[in-house]
Each structure stands twice: as structure tokens, then as C-alpha cells.
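Asks: Go ahead and model the full structure; you've got the sequences and the hints to work with.
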Amino acid sequence: MDICQSGFRQQHSTETAQVRVFNDIFLALDSGFHVVLVLLDLSAAFDTIDHDILITRLHTWAGISGTALDWFRSYFCNRSARVMLDSCSSESQPLRWGVPQGSILGPLLFNLYILPLGAIFRKHAVSYHLYADDCQIYFSFKPTQSTKVLSDCILEVKQWLADNFLHLNVSKTDLIVFSPNSITATQQPDLNYLSPNVSSVISNLGVKMDQALKMDAQVNNTVKSCFYQLRHISKLKHILSVRLLKSVVHTFITSRLDYSNSCLYGISKAALSRLQLVQNSAARLLTGADRRQHISPILKSLHWLPVQFRINFKIMLLTYKSLNHQAPPYLCELVHYYNPPRALRSEDKLLLAVPNARLKSRGERAFSVCAPKLWNALPLLVRLAPTASIFKSRLKTHYFNLAYTT
Numbered sequence: 001m002d003i004c005q006s007g008f009r010q011q012h013s014t015e016t017a018q019v020r021v022f023n024d025i026f027l028a029l030d031s032g033f034h035v036v037l038v039l040l041d042l043s044a045a046f047d048t049i050d051h052d053i054l055i056t057r058l059h060t061w062a063g064i065s066g067t068a069l070d071w072f073r074s075y076f077c078n079r080s081a082r083v084m085l086d087s088c089s090s091e092s093q094p095l096r097w098g099v100p101q102g103s104i105l106g107p108l109l110f111n112l113y114i115l116p117l118g119a120i121f122r123k124h125a126v127s128y129h130l131y132a133d134d135c136q137i138y139f140s141f142k143p144t145q146s147t148k149v150l151s152d153c154i155l156e157v158k159q160w161l162a163d164n165f166l167h168l169n170v171s172k173t174d175l176i177v178f179s180p181n182s183i184t185a186t187q188q189p190d191l192n193y194l195s196p197n198v199s200s201v202i203s204n205l206g207v208k209m210d211q212a213l214k215m216d217a218q219v220n221n222t223v224k225s226c227f228y229q230l231r232h233i234s235k236l237k238h239i240l241s242v243r244l245l246k247s248v249v250h251t252f253i254t255s256r257l258d259y260s261n262s263c264l265y266g267i268s269k270a271a272l273s274r275l276q277l278v279q280n281s282a283a284r285l286l287t288g289a290d291r292r293q294h295i296s297p298i299l300k301s302l303h304w305l306p307v308q309f310r311i312n313f314k315i316m317l318l319t320y321k322s323l324n325h326q327a328p329p330y331l332c333e334l335v336h337y338y339n340p341p342r343a344l345r346s347e348d349k350l351l352l353a354v355p356n357a358r359l360k361s362r363g364e365r366a367f368s369v370c371a372p373k374l375w376n377a378l379p380l381l382v383r384l385a386p387t388a389s390i391f392k393s394r395l396k397t398h399y400f401n402l403a404y405t406t
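Using the UniProt record's numbering, the letters of the sequence shown map in sequence onto residues 1 to 406.
Hints listed in this document are in silico derivations from the structure and should not be mistaken for laboratory results. Even glycine gets a Cβ: it sits at the ideal position worked out from N, Cα and C. Take the hints with a grain of salt, since some may be wrong.
Claimed, not checked - So the derived label-pair ranges between C-beta atoms look like this:
| id | residue 1 | residue 2 | range |
| --- | --- | --- | --- |
| 1 | Lys142 | Arg292 | 53 to 63 Å |
| 2 | Leu277 | Pro340 | 37 to 47 Å |
| 3 | Leu350 | Lys148 | 39 to 49 Å |
| 4 | Leu240 | Pro297 | 16 to 26 Å |
| 5 | Ala81 | Arg358 | 36 to 46 Å |
| 6 | Pro329 | Asn181 | 31 to 41 Å |
| 7 | Arg292 | Leu350 | 15 to 25 Å |
Replies: Encoded structure:
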């Protein structure tokens, strides 16, 4: 499986994919590069897979042969489908393309089908990440440097997709340009037919990214969605038990606040305050507290960590998993233990090496930079946790004390 494929794989998620992409972009910007991020849109990708090509891919790329290969061939060949409406039914039609929908094997087979894409990206020295059929590629360049490499790569990808009965929807392909400072018209790269697709805000695996990477669009979207849900939940409050109300709040509010929140490290205090206002409103709704009551005792009574600590908590959990090989390899390679040139007492403290970064709004927000800083600030007892569950318990206790101890 491609190391940069995060779709439907154990220990992988949309958030781990986003953390790696954000990390690479922040580091490139910190080094003075511009970055082009392209989100390729594939039309009905799972439905157009060619069975003969898939069989060949399983044999040549995955090393499957003999009876196992015959089993796969019988699994997705000679299938048919029909449409039923009440007592009426259409004639059965053979399914000559695609993988069975709803099956656990479908996503895995698709991941194997597109394995050669990675070779194309590596050939052109273009960074990439995949989440099933969501494909994003990003390329760093100096203002005086040509972006023809990226254009050539996309053209080759488009041709490969056509040869393999997959279609790149150019009109729905999104593109955004990040700059280490302010972008001017003369710094916009020439991307030929993709130039009209340049946006100031794009949605990447459910996270909105703006050109300045302030994450204001993501915060706005989260706040708007959460308050919409809170208004509806408030109408149900009188008919729900406390236990059910808690469950509803966690399902519709907390999940939104926590979604990929590790990418929000380093956002402005104003943006952070807006997210905190959502959590405060949810806490007051749940407890029936008056608006004039101080919020900290309310949050403490619910055992909720404030938003900033929830962000730090997520980053630390990913760090622990990376250090213990419970995370994707592309995250594990971003954090390393500190190896001093001579014996120091800190050797026994499980400290991490902290890479240098120039800009607080760029390099210091990269996972490979902020994670070691946050980790080294943890008590030794927390860092020595033998399991992830014990680590989470100790970490929450530590952050809880920091948040509510005056």
C-alpha cells in the first residue's frame, strides 16, 4: 500500500493526513517558499474501475497469484444489477466496471488500483497525499522558479487516469496558492488550464484552508454549524434526560469542535475565543447555568478541557502514538528523541528534538515543531505512560489541573 494513502487503513485518518500536509506546507513557507496545493476531483471513481486492469494490478503490484487471484476475479466479475420500485423491476444488466458498493473490500481494491499514481508524483518530485479517491498534490517553489513541473505532472496524471478508465473533473479540481508573506499578482504561478480554478479558500477533507492559513474560514464554518445545532438542541432540552442531552451535545457540538483540531494550533486568540464561546454555550445549555455565571466552574464541573487544551491534547496523543509506532509512518518520521552529544541528565527524560523555525505563524505551527515543544513541557510521569489509554488519562489530568488551577 502507498505510504501516502490514508483511506480505510488502520491507524490512519483524515486528520493524520491533514496533519502531514499542513506540516509540509508550514515548513516550506517558513523556508521562504510558495506552495501550490491542488485537490484533484475524480468523477465516480469507484464505479469506473476496469476489472481486467484491476486483476493485472493485483498480480503485478500486490503480488497476488494462483487461487487467491482467481478468488478476486470471481468476486467482482459476472455481477449484475437491476432497479426495483415497489413491485416493478428493470431487467438485469451486467456490471462490467466498478467494485461492489458497500463491501469492505471495495475501498481496499480501489487503493490498489491507483497504486501507480504514486510513482508519477515521485517521478516529478511533487508531494502528494491520498485518502481513497481524494487526491491532493502540493509543490513548493520560489517566486522566480517555474511551476512547469507541476503542470507536467498533472497532465501525466490526467493521461494515466484516462488510460485506466478514471476521469479527472478539471472544472471541480480546486487549487490554492500559499505564500510566506502577502501574495501579489506577479507571484501567482502559471498553471495553464488550471489557473481559473485558483481559490482563496478550499475545503480539504472537511477542513477549510485559506491562503493566509489563519484558519478563519474553518473557524467560521465550525462556529456557524455549532450554533445552528445548539438552537435546535435547546428546543429538545425539556424532553431529554441529562444523560441523553449530554450525548446529543457531544455528537453534534463536541465532535465538530474536535474534528481535525490539531490543525488549529497557533491560530489567533480571536479565532480561539470564538470556538471557546461555542463550548461555553454548550456547557450552559447542558447545565442550565445563567449567562452571568463565570464559565470556568461550569466547564470544570463537566470535566471539559477548554478548546486550547483540547487542541494540545490531540497533538500530544498523535505524538505519543507516533513515538510508539501506533500512527502512520509519515507521522512517526516527524518526531525524534533528543540525542545529546554527551551524556546529560535529560537523556532519561524522554525529551524530543525541537527543529528550528523562523516564523511563529508558519514553521512553529508545523506538527514536527510544535509537537516536541508541547511534549517536552509535559511531566515525566505523563511521558512515561506505558499505554495510550493511561497516557490519555494522565494527560487529561495534567491539562485539567493547568486549566482550572489558579
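Asks: Next step is simple, just say for each hint if it's right about the structure.
Replies: Each hint tested on the structure:
Take Lys142 and Arg292: their Cβ atoms lie about 55 Å apart, and the range 53 to 63 Å holds. Between Leu277 and Pro340 the Cβ separation comes to about 44 Å, which falls inside the hinted range of 37 to 47 Å. Range check, Leu350 to Lys148: about 46 Å between beta-carbon atoms, so the 39 to 49 Å window is met. A hinted range of 16 to 26 Å holds for the C-beta pair Leu240 and Pro297, which are about 23 Å apart.
The beta-carbon spacing between Ala81 and Arg358, approximately 57 Å, falls outside the hinted interval of 36 to 46 Å. Between Pro329 and Asn181, the C-beta spacing of about 33 Å keeps the proposed range 31 to 41 Å intact. Remark: the range hint 15 to 25 Å for Arg292 to Leu350 is contradicted by a beta-carbon distance near 45 Å.
The structure fails to meet hints 5 and 7 from the earlier list, while all remaining hints are met.
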